[in-house]
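So the chains spell out like this:
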Amino acid sequence: MGEVNCPHMRLMSTPPSISVLPRPGSQLPSTAFKWAAALAAATIVVLIVLVGWELYVGSRQSISMFGVPFLWSSKWDPVAEKYGAFPFIFGTFISSLLALAIAVPLGVATALFLTELAPLKLRQPIIIAIEMLAAVPSVIFGMWGIFVLIPWLRDHLFVWLKHSLGFLPLFQGPVYGVSMLAAGIIIAIMILPIITSISREILRSVPDLQREAAYALGATRWEVLRIAVLSYARRGLFGASILGLGRALGETMAVTMVIGNRPQISASLFAPGYTLASVIANEFTEATTDLYRSSLFELGLVLLAVTILVNIAAQVMLKSLAGSGSSKVA
Amino acid sequence: MVASPYLPAPRYARWRKWKSIAVTGALVACALAVIAPLFLVIFFLVARGYSSLDWNFFTQLPKPTGEIGGGMANAIVGTVTLLAMAAAIGVPIGVFGGIYLAEYGSDRANNWIRFAADVLNGVPSIVWGMVVYLFLVVPFKGFSAYAGGVALGLMMVPLVMRTTEEVLVLVPQSYREAALALGITRWKVIVVIVVRTALKGIATGVIVALARIAGETAPLLFTALGNSFWSHNLKEPISALPLQIFAYAISAYDDWHRQAWAGALVLMALILALNITVRVLSRDRKIAP
Numbered sequence: 023m024g025e026v027n028c029p030h031m032r033l034m035s036t037p038p039s040i041s042v043l044p045r046p047g048s049q050l051p052s053t054a055f056k057w058a059a060a061l062a063a064a065t066i067v068v069l070i071v072l073v074g075w076e077l078y079v080g081s082r083q084s085i086s087m088f089g090v091p092f093l094w095s096s097k098w099d100p101v102a103e104k105y106g107a108f109p110f111i112f113g114t115f116i117s118s119l120l121a122l123a124i125a126v127p128l129g130v131a132t133a134l135f136l137t138e139l140a141p142l143k144l145r146q147p148i149i150i151a152i153e154m155l156a157a158v159p160s161v162i163f164g165m166w167g168i169f170v171l172i173p174w175l176r177d178h179l180f181v182w183l184k185h186s187l188g189f190l191p192l193f194q195g196p197v198y199g200v201s202m203l204a205a206g207i208i209i210a211i212m213i214l215p216i217i218t219s220i221s222r223e224i225l226r227s228v229p230d231l232q233r234e235a236a237y238a239l240g241a242t243r244w245e246v247l248r249i250a251v252l253s254y255a256r257r258g259l260f261g262a263s264i265l266g267l268g269r270a271l272g273e274t275m276a277v278t279m280v281i282g283n284r285p286q287i288s289a290s291l292f293a294p295g296y297t298l299a300s301v302i303a304n305e306f307t308e309a310t311t312d313l314y315r316s317s318l319f320e321l322g323l324v325l326l327a328v329t330i331l332v333n334i335a336a337q338v339m340l341k342s343l344a345g346s347g348s349s350k351v352a
Numbered sequence: 534m535v536a537s538p539y540l541p542a543p544r545y546a547r548w549r550k551w552k553s554i555a556v557t558g559a560l561v562a563c564a565l566a567v568i569a570p571l572f573l574v575i576f577f578l579v580a581r582g583y584s585s586l587d588w589n590f591f592t593q594l595p596k597p598t599g600e601i602g603g604g605m606a607n608a609i610v611g612t613v614t615l616l617a618m619a620a621a622i623g624v625p626i627g628v629f630g631g632i633y634l635a636e637y638g639s640d641r642a643n644n645w646i647r648f649a650a651d652v653l654n655g656v657p658s659i660v661w662g663m664v665v666y667l668f669l670v671v672p673f674k675g676f677s678a679y680a681g682g683v684a685l686g687l688m689m690v691p692l693v694m695r696t697t698e699e700v701l702v703l704v705p706q707s708y709r710e711a712a713l714a715l716g717i718t719r720w721k722v723i724v725v726i727v728v729r730t731a732l733k734g735i736a737t738g739v740i741v742a743l744a745r746i747a748g749e750t751a752p753l754l755f756t757a758l759g760n761s762f763w764s765h766n767l768k769e770p771i772s773a774l775p776l777q778i779f780a781y782a783i784s785a786y787d788d789w790h791r792q793a794w795a796g797a798l799v800l801m802a803l804i805l806a807l808n809i810t811v812r813v814l815s816r817d818r819k820i821a822p
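Same order as they appear, the protein sequences are chains A and B.
Going by the numbering used here, the first sequence opens with residue 23, and the numbers climb by one from there.
Going by the numbering used here, the second sequence opens with residue 534, and the numbers climb by one from there.
Everything labelled a hint here was simulated from the structure, so no lab data went into it.
Any given hint might turn out to be false.
Partial selection, computed: residues in chain A whose CB lies under 8 Å from chain B [said to hold, decoys possible]:
no., residue
1, Val67
2, Leu77
3, Leu343
Among chain A residues calculated to face chain B with C-beta under 10 Å, some are [as the list claims (entries may be wrong)]:
no., residue
4, Ala59
5, Gln83
6, Ile85
7, Ala123
Yeah, the Cβ is synthetic: ideal placement off N, Cα and C, and Gly gets one too.
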């Protein structure tokens, strides 16, 4: 038979001598290493539970005292021991939405500029500059806000807005400088890097075929961007904005320094406000009673719940996109 | 000349062209507006902070309220101490977790862990402060450097874990197969071959995480608390540059504002230095594995 003549077969049928094989050592180090790795990975899940649980424990007293109406009660009076979250929820959402209104158009436009327009040599320096912007700590933005941005806003932009758009209730009332609008602008600067970089990735994943087809039909550059690129990337850009919202909601230090820290609800964007994160930062160490501290914990719990929900929404949105995008390309 | 019925009316064509040019201009303006704040912040940091940087700033303790002078020596040392403690917690857990994700985990488990890491990444930093406050400050009856270090360390974990996983996955499968074929046990393959090959990438991830937490203020407010003096042991409250900058920036004294700018300049320089290290390290990362 052929097998007998095949040299390889002969080689393989020779039983290997035992001494060539590594001696079967103890499995212990391998198993220990694997379990150490698994334990570290599990820490992440434990941490999530820990964060939620600790905040719940901290806020139990407030939850049993005020119940669900805590969320829409707008009285925050530590002296009378009356606590309600609404002014802070309001402030958090308004400042974040303002930030999105500023940052999303700017971020998407910059991403468009970087993927579609900028000369190749210019792209990398701009990308690095945007990454550096992301590296500036919140407290430095806050300080810059107090000493540079706010005086400028107060003396120029706000005056101008009041003068030209003063008929809107949004731009009425006294101008202090520290305000909801100032907070929105500072947050916008801080979330621009993430919105820009995610948008850039989304735009880069738009197939060139899209653009070429539109150009071939005689579209101008703007028409190509609008019809072929932006409409294709719409869902992804929405996901990027939601991710930016997640960041904006939890922004603490810079906001605390420029928003004015007053628990009030005002139609005017020139009026001071307060956010969930900044009231915690300001009042936590001065909370003298247990109920006061517990209410602050409940604010933290609300903040955590909202940011986690928003982040999950963004993740799901971007992930489903990655799935459908790749199948589309294929 | 008769206009061709197949081409749009010239006036409309011109309008389309102008609109396109206008949008192009607007995009350029937006890009400039986005990077302008970086230069404005750095300009003011240097313009206002540089003149206040002197020998005293780096060697002296803060002066009591109302007295001119003094420095932030304790805050600088405090920041370095806190970063070291954070790294001691965040790096092992993060790297081991990354190893699990890249080398051991099933797809299902990995998806959950990655998801959890992304969620943790989105937890606002102030919330970390509150959690560690309940976890370490209340039981041990006092603000401490330990609590601050733990808060920052826990924030590092998901960051380091994800970057470690990303670089480990880049190590070619054939390296592992070759090593395993030589009869080397799994964990030794991972430590000696895989991690070793990706070491630069892992280091880069760690530095990125350090740069991210170096400027964090919110998680330290009710853990490390801050301190106007030297901390003699880690059970005491400790100062940190961001805390000191915050306290001085919202104070009412011009001299403190001056020092806050100087402190911010030092902090920014530290963070930029970390970022530049990352750039240098990752310049040839693609060639390494």
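Going down the list of hints, with the structure as the test:
Among the interface hints, the one on Val67/A holds; its C-beta lies about 5 Å from the nearest C-beta in chain B, closer than the 8 Å criterion. Given hint, Leu77/A at the interface with chain B, holds; its Cβ is 7 Å from that chain's nearest Cβ, closer than 8 Å. The restraint placing Leu343/A at the interface with chain B is violated, with a minimum CB-CB distance near 15 Å, outside the 8 Å limit. Using the Cβ-Cβ criterion of 10 Å, the hint placing Ala59/A at the interface with chain B is satisfied: the shortest such distance is roughly 4 Å.
Hint status for Gln83/A relative to chain B: violated, with the closest Cβ pair at about 13 Å, above 10 Å. The interface hint given for Ile85/A is violated, since its Cβ lies 15 Å from the closest Cβ of chain B, which is over the 10 Å cut-off. About 14 Å separates the beta-carbon of Ala123/A from the nearest beta-carbon of chain B, more than 10 Å, and the hint is not met.
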